[in-house]
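Based on the hints, put chain E in the right spot on chain V.
If you read the protein sequences in the order shown, they are chains V and E. Offset between the first sequence (1-based) and our numbering: plus 11. Offset between the second sequence (1-based) and our numbering: plus 280.
No lab work stands behind these hints, which were simulated from the structure alone. Quick caveat: nothing in here was measured; it's all calculated off a predicted structure. Ideal Cβ placement from N, Cα and C applies to all residues, glycine included. Take these hints with a grain of salt, some might be off.
Think about it this way: if two alpha-carbon atoms lie no more than 27 Å apart in a straight line, the pair counts; the simulated BS3-like pairs of lysine-lysine are [what the hints assert, rightly or not]:
id: 1; chain 1: E; residue 1: K572; chain 2: E; residue 2: K602
id: 2; chain 1: E; residue 1: K329; chain 2: V; residue 2: K172
id: 3; chain 1: E; residue 1: K597; chain 2: E; residue 2: K615
id: 4; chain 1: E; residue 1: K301; chain 2: E; residue 2: K289
id: 5; chain 1: E; residue 1: K329; chain 2: E; residue 2: K361
id: 6; chain 1: V; residue 1: K35; chain 2: V; residue 2: K86
id: 7; chain 1: V; residue 1: K35; chain 2: E; residue 2: K602
id: 8; chain 1: V; residue 1: K35; chain 2: E; residue 2: K572
id: 9; chain 1: E; residue 1: K572; chain 2: E; residue 2: K600
id: 10; chain 1: E; residue 1: K289; chain 2: E; residue 2: K389
id: 11; chain 1: V; residue 1: K121; chain 2: V; residue 2: K15
id: 12; chain 1: E; residue 1: K361; chain 2: V; residue 2: K86
id: 13; chain 1: E; residue 1: K289; chain 2: V; residue 2: K172
id: 14; chain 1: V; residue 1: K121; chain 2: V; residue 2: K86
Chain V regions said to be covered by chain E (calculated; three or more residues, Cβ under 8 Å) [what the hints assert, rightly or not]:
id: 15; stretch: 51 to 64
id: 16; stretch: 84 to 98
id: 17; stretch: 111 to 121
id: 18; stretch: 131 to 140
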Amino acid sequence: MSGKAWVFGDGVNTDVMAPGLYFKESMDVMAAHCLEAIDPEFASNVQPGDIVVGGDNFGVGSAREQAAMAFAYHKVDAILARSFGRIFYRNALNFGVPVLVFPQYDEINKGDTLSVDPVAGTIENITQGKSYTVEPLPGFLLDMINAGGLMPWLHRRLQEKG
Amino acid sequence: MSGLTITDKILRRASGHDDLKHGQIVTCNVDLALLLDSGGPRRIWPRLKELNTGVWDPDKIVLCTDHFVPAVDAASAAILKLTREFAEEFGIRNFFDMQGIGHILLAEKGLLQPGMFAVGGDSHSSMGGAFGCYMSGFGAIEMTGVTVTGEIWVPVPETIRINWRGQFGPGVSAKDIMLKLCRELGMNNGGKVLEFGGDTVRAMDMQERGTLCNMAAEIGAETGIVEPDQITLEALRAGGVEPAADALEWASDAGACYSDTYNFDAAELTPQIAAPHSPANSGVVDDYRGVKIDQAYVGSCVGAKHSDLHMLATVLKGNKVKSGTRLLVAPASAKAMREAAADGTLATITEAGAIMLPTGCGACAALGAGVLADDEVCISTTNRNFRGRMGSNEASVYLGSPYSVAAAAVAGEIVDPRDFLPGAGGDA
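Chain V extracted, bound-state conformation:
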C-alpha cells in the first residue's frame, strides 16, 4: 500500500492535533480541525492511506487520545518522525496506527509517494526512488498491533480468561 506524504516540522503538539476548543465535540468535528493551526489544508485533503511525516517530538504535549485518534479517523497508513512525544506514541499504537522513528524524515518532500511496511521496518520513497530501513515496531507490542490495537487485544484477552 502506498500513499502521499504530508510533511511537518519539529514539535507538532497535541493541542494543534486536537484543539481544546472542540474537545466536547464528536470525533468527526475534532478530526476536521486536526492540524488546522499549522496546515489548514490537511484535514480536508488527507486521503486514506496517506502518510504523515514529522520532525522531533511529534505529538508532544497532553494525554488527549483524540490527537492520535484523528490520524486513525483519517485512515493515515503510518506516521514517521524523528522522535515522538511519549503518550502520543503509545496512543497511536493502541489505536493501531503504526508509528516509526525515521531519522531521515527531512529527505521526504510534501506529496512524495511513500510505501511503508511497519513490521519489516522498511520505507520506500517511490517518487525519489530511495529505500530506508528503520527499527520495526517493538516486538513486545506486535501482538497487540497485529490484533488491530488495544481494544481487540483486550477483547481477546478477556475471552481467553473466560
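Coordinates of chain E only, in the frame set by chain V:
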C-alpha cells in the same frame, strides 16, 4: 553492579522482576489509577460496555471532575452527569466532584504513598512523583486497559538527577526552575525520569515539589520524582493518612546509576518567562520586559495551589491590577480557596481587582472561563503555551511564576516581579 534509583526500586516491586535493564519493556501492577472527567468515564465506559466487562478494582481508582467544571453548556453537563453515574455504577469511593484538579486532590487526600506505582489519564499525572511514587500520564485508551486489567507496560526508564542547591532569592520559585529546565533539557526526554534533589528541593513544601514533577511532562520525561522525607510524611499526616512504616526506605542508593547529573545554584536563578508558543522558548524576564498584556491568568494544577495564591498575593498587596488589564484567578482546589480565604490571601487578591473563577482546569486547555481572542496577549501560571492552547490560534501566551504573572497584572506589561518585592534585587 552500581546502586539503584528510587525509580528502579519501584519498578522492580511493581513488575515483580529484580533484574530489569533500562530500555526493557515491562508490565507493572498498578497501585492507583487517576481518572478525570476529560479522558475518564466518557471515553472508558463505552469501551467497557463494548468489552462487556467492569473495573478491575474500584478501590484503586480515584475519579475527579475538573476539566469541564462547572458545566457551561449541555455538552459539558452531560459529560459530568455521565462521570457521576460511572462512580455510582462501579462503586468508586474516591470520587471527588468539583472539589479541585485531580492531581491536587491526590495530594490533599493523602492518597499517594512513597513507593507506589500509579498512573493517571492526564499528562500532568507526573505531579504525583512529589510524594516519592512513580506516577505517569497515559491516554484514555490505555487507562481503559488499566481499568480492565490493573496492568500497564512501561519502558524501564533511565534517570536524570537534577540537583538544586542554595536558597532562592525573593520572587523566584519552583516554576522558574522548570521554565529554565524546559530550555536547557528540551522537551524530548522520553524514556527518562527526572529525579529532583539537593537542599533547595529538600526545603520545598509538597506544593512546590509538585510544580517540579508536574512540569516533567513539559520536559517530555516519563515522569518526575522526589525522594520522600519528613516533609512528605507530614503532608500525608495532614491528609489524615499515617505513612507506611517503610516510607522513607524508598530512596536512591548512594551509588545509584544516573544517565546524567545536573547541578544548579538556586541563588543564581532569576525569574524566567516562556514566550509563545512553547515552554522551551524561555529566557530571563528581562528578555520580555515591556510586552503589553491583555490578560493575566492564575490557574491550573501547576499554577494555582495555595502556595501559588500566596505568591500572587505577596506581589499584589497594596497594588491594583492595571486599568485595561484583567487578572483572572481559578484556584486549583476548593481547599486552596478555603485556605486562601482563611489566611487573608483571598482578600489581598480580590482587593487588588482580581476576578475569581471556579476551581478547575479552566482556560489552561481552553475548556473553561478565560479563553483568549485573536491577537490577545496573556501571561499565565499554567504549564503550556502551545498555539491555540488557551483559545484562539492567533493569541499569544507567555508563561511565568505567580510572582511574574502578578507583577505583569499590576504593570499591564511584563516586568521583573522583584521590582514589587521589598528587599529584592530588581531594578526599581
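Here is how each hint holds up against the structure:
no.	hint	result
1	K572/E - K602/E	holds (11 Å)
2	K329/E - K172/V	holds (17 Å)
3	K597/E - K615/E	holds (22 Å)
4	K301/E - K289/E	holds (12 Å)
5	K329/E - K361/E	holds (17 Å)
6	K35/V - K86/V	holds (22 Å)
7	K35/V - K602/E	violated (35 Å)
8	K35/V - K572/E	violated (32 Å)
9	K572/E - K600/E	holds (16 Å)
10	K289/E - K389/E	holds (25 Å)
11	K121/V - K15/V	holds (8 Å)
12	K361/E - K86/V	violated (32 Å)
13	K289/E - K172/V	violated (31 Å)
14	K121/V - K86/V	holds (18 Å)
15	51 to 64	violated (count 0)
16	84 to 98	holds (count 5)
17	111 to 121	violated (count 0)
18	131 to 140	violated (count 0)
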